[in-house]
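Novice: Protein sequence lines correspond, in order, to chains U and P. Sequential numbering of the first sequence, starting at 1, is according to our numbering. Sequential numbering of the second sequence, starting at 1, is according to our numbering.
Hints listed in this document are in silico derivations from the structure and should not be mistaken for laboratory results. Note that this is a predicted model, so its numbers are computed, not measured. A virtual CB, placed ideally from N, CA and C, is assigned to each residue, including glycine. Be a bit skeptical, because a hint or two may be false.
Said to hold, decoys possible - Derived DEER-like restraints, expressed as beta-carbon distance ranges:
#1 P81(U) - E16(P): 27 to 37 Å
#2 N38(U) - P21(P): 17 to 27 Å
#3 I74(P) - G101(U): 17 to 27 Å
#4 E45(P) - N51(U): 36 to 46 Å
#5 S7(U) - P21(P): 30 to 40 Å
#6 E15(P) - G3(U): 23 to 33 Å
#7 N23(P) - G40(U): 43 to 53 Å
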Amino acid sequence: EAGVVQSPRYKIIEKKQPVAFWCNPISGHNTLYWYRQNLGQGPELLIRYENEEAVDDSQLPKDRFSAERLKGVDSTLKIQPAELGDSAVYLCASTSNRHTGELFFGEGSRLTVL
Amino acid sequence: DAKTTQPNSMESNEEEPVHLPCNHSTISGTDYIHWYRQLPSQGPEYVIHGLTSNVNNRMASLAIAEDRKSSTLILHRATLRDAAVYYCILRDTSGGGADGLTFGKGTHLIIQP
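Throw the hints in and build the complete structure from the sequences for me.
Specialist: Okay, here's the thing in structure tokens:
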């Protein structure tokens, strides 16, 4: 069974440019998360989806970040415009049970903003 | 979510057991103790979890104190591939807590050959 797939693995952009990250969760997992991980820190939750609905986006910087999960499967996280402080690893995770299920993480997308 | 306290780093020798401690003095009755680890350049992966009783699986063992205010992740025979950051996380499964996982900084485990 395929795990959580993310792309791109690495992205280097100049500040003020837009960037998008894509995530394909494990088949059948209704709950999808986006996390951001700064260097030397643990991952921090940005947004959680239940099917296609964003049910917890309180930590998502809404002035420049947006996310969508059309049809309740794949998800895209966008930053526009990117700032230097957005350099981080963006992780996608999915689970079959948001209360008790194991979270499966992708390998992450490492963003460097110059 | 209740918070956990872990040492920033630990060092061990290959093929020896490793005991990773975690303090969670404010744990509630509905909090499960989860451990995840993150290998270099990888996303976190599940290791083990428990509520009150000690737990064993193919990766590790989890020893939970009787008062549940602390726990220890045990790697019985560490290999170089076990070098990773280990996160101890409390997860409220009652439906009243935040969903997902709240990560701290974890313990950076270094394995010496």
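Novice: All hints, please: hold or fail.
Specialist: Now the hints, each set against the structure:
no.: 1; hint: P81(U) - E16(P): 27 to 37 Å; result: 50 Å, violated
no.: 2; hint: N38(U) - P21(P): 17 to 27 Å; result: 25 Å, holds
no.: 3; hint: I74(P) - G101(U): 17 to 27 Å; result: 24 Å, holds
no.: 4; hint: E45(P) - N51(U): 36 to 46 Å; result: 25 Å, violated
no.: 5; hint: S7(U) - P21(P): 30 to 40 Å; result: 37 Å, holds
no.: 6; hint: E15(P) - G3(U): 23 to 33 Å; result: 29 Å, holds
no.: 7; hint: N23(P) - G40(U): 43 to 53 Å; result: 21 Å, violated
Violated hints, listed in ascending order, are 1, 4, 7; each of the other numbered hints is respected by the structure.
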